[in-house]
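Q: Keeping their order, the protein sequence lines are chains A and B.
First residue of the first sequence: 1, per the numbering used here; consecutive thereafter.
First residue of the second sequence: 1, per the numbering used here; consecutive thereafter.
Please keep in mind that the hints were generated in silico from the structure rather than gathered at the bench.
For every residue, glycine included, the Cβ atom is placed at its ideal position computed from N, Cα and C.
Hints may be right or wrong, so weigh each one.
Said to hold, decoys possible - Using C-beta positions, here's what the derived DEER-type ranges look like:
(1) Thr-132/A x Gly-88/B: 23 to 31 Å
(2) Leu-99/A x Gln-50/B: 29 to 37 Å
(3) Ala-48/A x Gly-88/B: 48 to 56 Å
(4) Asp-38/B x Val-114/A: 27 to 35 Å
(5) Thr-132/A x Glu-24/B: 53 to 61 Å
(6) Arg-62/A x Gln-117/B: 34 to 42 Å
(7) Ala-87/B x Asp-77/A: 35 to 43 Å
(8) Cys-7/B x Asn-90/A: 35 to 43 Å
(9) Val-114/A x Glu-24/B: 17 to 25 Å
(10) Ala-13/B x Thr-132/A: 37 to 45 Å
(11) Arg-135/A x Cys-7/B: 39 to 47 Å
(12) Leu-99/A x Ala-13/B: 35 to 43 Å
(13) Ala-87/B x Val-114/A: 34 to 42 Å
(14) Gln-117/B x Thr-132/A: 24 to 32 Å
Take a look at the letters that make up each chain.
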Amino acid sequence: MRDNPALTILIAEDNNTDRMILQTIVRKQGHHVITACDGVEAVEQFRAQRPQLVLLDVMMPRMDGMEAARHIKAMADEELVPIIFLTSLNDAESLAECLEVGGDDFLTKPYNRVILQAKINALNRMRAMHQTVQRQRDHISERNRQLLHEHAMARRVFDNIAHQGCLNADNIRHILSPMSIFNGDVLFASPKPSGGMHVFLGDFTGHGLPAAIGAMPAAEIFYGMTAKGFTIAEILREMNRKLERILPKGFFCCGAMLDLNLHTGHVEVWNGGLPDGYLLRNDGSWERLRSRHLPLGVLPPERFSPGCERYEAAVGERVLLCSDGILESYNARGEMFGEERFTEVIQGSRSPDQVFHRLKAAIDDFSGDVDSEDDLTLVEVTMAREELLDDLSQRLSGTSLTGPSSWRCEYQLRDNTLSQFNPVPLLLHVCMDVPGLRLFSGQIFTILTELFNNALDHGILQLPSSLKDSPRGFTRYYNEREKRLESVDGHWVTITLDHLADGHSGGRLKITVEDSGRGFDYRAFDTVDISHHQLAGRGIALLRQLCHDLQWSGRGNRVEAEYRWALPSASSNSQGPESKG
Amino acid sequence: MNVNDSCHLDHEALKELREVMEEEFDVLISTFLQDSADRIVHLRQALSGQEVDTFTKAAHSLKGSCINIGAPLLGELCLAAEAAGRAGNLQQGQAQVEAIEQEFRHVDEALRAYLQQS
């Protein structure tokens with residue numbers, strides 16, 4: 001019997017002889033003894049000295065042992081203070097009662113020192129184990145508190161990144177647990193500079209921090225690149241590249257991305273590993289948006305395909321995406337919600353408008369508890385009129401008013417690069433450094449895109465815009481474009497940006513685009529009535545509307561656009577940003 | 001008389017007690033004798049005052065120390081007195097107290113002799 005530490009032991013016994021014997025036995029075993037002659041004294045001694053173990057005579061004057069035991073146990077609170085009842089009773093019933101009233105053991109008279117020692121040691125082991133358990137419990141609860149705190153911190157950081165978007169836009173409805181980041185679900189939405197919006201729903205493998213880690217760069221890429229005008233394909237490619245590089249083997253992100261083009265009434269969908277999405281038509285029919293790709297972060301960049309499916313979608317039609325948390329949510333009977341129930345709800349809804357709420361209700365109904373909502377991520381994105389998004393981009397553009405305001409730069413693309421690289425995001429990025437100009441990013445994006453496309457498609461590639469008059473012509477146009485892009489060696493496009501400040505809250509941006517093509521008879525454009533020119537003429541029409549001045553020169557291979565901007569001041573509403581004709 | 005004290009005292013128990021108590025053994029024995037004498041007085045008083053509860057508790061307490069000290073016969077008489085007290089039968093208690101007093105005289109004498117011996 002090694003390591004039996006000296007304890008402080010309280011002996012409460014009214015009989016002097018018995019107390020003397022007990023005291024001597026216990027003391028000789030190396031413990032420190034305090035004594036009491038009755039129950040009241042025992043309780044007082046316990047309060048004053050906090051012994052670790054108590055020997056209590058059952059029958060004592062003033063307060064009996066059982067009553068004293070209750071007081072002592074109450075005072076000991078969470079600590080385990082073993083109590084051994086001392087009794088000269090020998091019948092089973094009396095002995096059992098000792099344990100029932102809260103005693104941990106009993107000792108009968110005559111006292112046997114060997115048995116007493118064994119009991120003290122056994123109870124002390126129990127006490128020590130209890131202490132260990134308590135300490136570990138406290139430790140665990142402290143660690144848990146710490147973990148929750150860290151989660152809250154991480155969530156705040158993540159929210160700052162993930163929620164800079166427009167999840168609160170009027171055409172988005174969603175369910176997303178506040179702690180979803182820790183079960184790996186992310187939902188991003190952001191208006192595009194060109195109008196419309198990008199939406200991304202991702203489901204990272206794993207739970208907890210490992211699941212959250214990949215979400216940060218994904219959010220950065222999504223928001224950063226969307227704001228700079230990158231296309232859905234470019235963004236997906238970058239997300240995949242980044243995640244493939246940083247995530248450990250076996251970790252990836254099932255995700256689906258939407259590119260809502262409100263202007264043309266199209267939605268592009270990319271689904272890599274998420275459950276089927278749904279495109280809900282106004283007439284009550286629906287189409288499945290199946291996963292056609294591996295999840296993000298699986299394939300190396302050269303094997304990754306950002307190919308999207310393109311759907312026409314009218315105002316009011318909507319896309320529904322969910323993570324597998326919904327399909328895999330269980331009810332009390334252990335059944336999964338499953339895809340069948342999901343499609344039943346869609347089928348049972350008369351208009352697409354009802355589906356979201358009915359789904360929510362069906363899931364609540366099914367699982368019957370609140371807990372399951374932790375794993376549910378569901379988003380519905382509705383095709384809306386373009387104006388809906390107008391004030392969104394303004395809300396999102398809070399930049400400080402410092403930066404370059406008077407500068408000029410020239411950027412030339414040559415040869416093969418013309419077919420591989422889209423310079424618009426880069427150029428837009430340069431422009432967005434001008435304090436205040438970010439508010440007009442949509443218009444500048446449009447101008448840059450139109451000017452560059454005109455230079456490349458019509459100037460260099462000599463594609464006739466009249467091809468685009470019919471929907472079938474579109475396809476022919478793009479096929480022809482692919483073909484001609486293969487032989488652009490020797491060609492170039494030079495873009496010159498020149499910005500001058502005009503006071504503190506405005507300026508003019510001159511964009512000159514020159515190409516190596518044969519040019520065209522720009523004088524003819526002046527005579528065309530743009531309202532009759534349909535889609536093909538829209539480019540020029542739009543440019544005319546957005547720019548203060550638009551001039552072709554040379555043989556028609558050089559165009560100079562002047563864009564003037566002014567921050568809306570409190571006093572004048574003359575020029576609202578993002579106002580499109 | 002010493003020849004026959006084995007029915008009054010448990011020598012095994014006493015021997016063990018002596019081992020445990022060492023030099024305090026004498027003090028223990030005299031404490032026992034003094035306390036027991038006091039308790040017997042209490043028993044008497046409780047009888048005359050008809051205090052059943054006090055009587056029972058005093059008998060119980062005396063019983064406990066008798067068992068511990070190694071006076072089994074005295075302990076049994078106390079147990080009988082305690083039982084009478086619990087039954088509320090003080091008449092029976094009276095008879096037991098007389099038997100206790102008589103046995104205590106033997107124990108007292110035997111213990112003192114025991115102390116002298118050593």
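Q: So which hints don't hold here, by number, going up?
A: 1, 3, 5, 8, 11, 12, 14
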